[in-house]
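Novice: Given the sequences, and given the hints that come with them, work out the whole structure.
If you want the building blocks of each chain, they are given just below.
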Amino acid sequence: MLHTILFLIFAVVCVGGAINLLVQKAPIASALSLILVMSSLALIYLLLGAEFVAVVQVIIYAGAIMVLFVFTIMLLNAGQEERLPNAGKAAMLLGIPGLIIGGAAVYWVVTHSSVGGTRVALGQLYGSAPSLGRLLFREFLLPFEVTSVLILIAIMGAVVLARRGEQ
Amino acid sequence: MSVLTFLIVAVVKIIVTVVVLLTVVAYTTLLERKLVARIQNRWGPHRVGPFGLLQPIADGLKFIFKEDVTPPFVNKRLYLLAPVLAFTTAMTTIALVPVGPVIHAFGISTPAQISGVTAANGQATDINAGLLIILGITGLGVYGIALAGWSSNSKYSLLGSLRSSAQMVSYEIALGLSLVGVLLMAGSLSLQDIVRQQTGMWWGWIPKWFLFRGQFVAFFIYLMAAFAETNRIPFDLPEAETELVAGYHTEYSSMKFAMFFMAEYANMVSVACIASVLFLGGWSGWPMPFLPGILQAFLPLFWFAAKVFFFLCLYIWVRGTLPRFRYDQLMAFGWKVLFPLALVNLMATALGIAMGWW
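If you read the protein sequences in the order shown, they are chains G and Z.
Going left to right, the first sequence walks through residues 1201 to 1367 as this note's numbering numbers them.
Going left to right, the second sequence walks through residues 1073 to 1430 as this note's numbering numbers them.
Keep in mind that the hints were calculated from the coordinates and are not lab data.
Heads up, none of these hints are tricks.
To give an idea of the interface, some chain G residues facing chain Z are shown, with a C-beta separation under 10 Å as derived from the structure:
id: 1; residue: LEU1232
id: 2; residue: LEU1246
id: 3; residue: ALA1254
id: 4; residue: ILE1260
id: 5; residue: VAL1270
Keep in mind the model is a prediction, meaning the values are calculated, not measured.
Idealized CB from N, CA, C, for every residue including glycine.
Specialist: Here you go:
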């Protein structure tokens, strides 16, 4: 009961934030709405019992990546967003079918997904730090390590790109 | 415990914690003014009340009655949101800090921690990702300062907030990594567990705090990164008054300025609390068998308060002693000294645990 009420609150905040993100014209307002979306997503993860994922969502997305977004917007002092003429028509043409397909997909997933024959209930997923760590370092050790190599390559690429300007 | 008692206990705990925290914040400002004055061979505030003890109340009244100026050139909504964000994130952290063991009162037993409950076996439990949540809230604290600078629409504020965002993001990494060593040793993210792991003494007088169990380096990395996270001297470049007027809060006045001020001190207190919990054993301390029973019950709280007080005095001492870093020095120090050092400490701790040295 309490779970459902909390879920509804955060879900509404999340969707509202996402809509606000698209509607706002000032980049900083959009960035802040994105932070709101990410924070409420984190709270929904927490409600599901995935506490580690929830906190990582806040630390990495809301706390680190979005700080860089806001930082860049502040540094460039970006003004109002420019809209193309006829953008409204294109949005109508692509958006409405997209919404219908997306809604149908969500409906299908919700009605068909199951864990052990029953539907997924709140708090049923296992996402505590120890169980996630065991999964990462036992079953998925190779993908995990490969991902770290990928990130290392990305970092080196960033350094190379940043250095090119200096020469 | 029924839902109603749970709610009542939670509300009582929240009210007590908020009142105590706000009082501590108010009196830390007095402590700072007094101690810095003594370091500089002055008296400090001493006119309002005995020893100047009513000074924080006078300051608060002054802030409330000051004219609340909103400059015409600011981005109004974000300008109003920024101090609220800064203050909220600063105050929230304390909810996760265990300040004492389980309290037994009126037939109810509950841990001295807002986010904690008593399990069926009488042991205090809290959120199993408590420390990570604290790090997450600290990460969100940047926005208050960043938005304050940007929405003020003034160059000093903007420079101050740009500096602070870069500084806080950089030092957060060293801060987080310095804590991982402790987490490895404790084997848990729950702050209650971490404190429980540190009870007991060697030879009856050396406490088994993580500070004395090979986390020396981590402790100093944490301290330095925490100074930077709370924008205190020697890392107070976001508000360097000799170059930026007052940095990110230049355009703020009255209670809005006071909220930034209180946020800074609340951050100091929570950073001190976390340092006490992780490195100095939280509320554990030397027993004092000569005290009467009623005082014995307050002994854990006393030890916790004493540790926090030590950290606050350290903050003020450093402020009275050290000059400010240059900005490039600050960045180089964070990335080229603290960050590698924290990594080395983490690897050494992991090796030590794998080899069974401690």
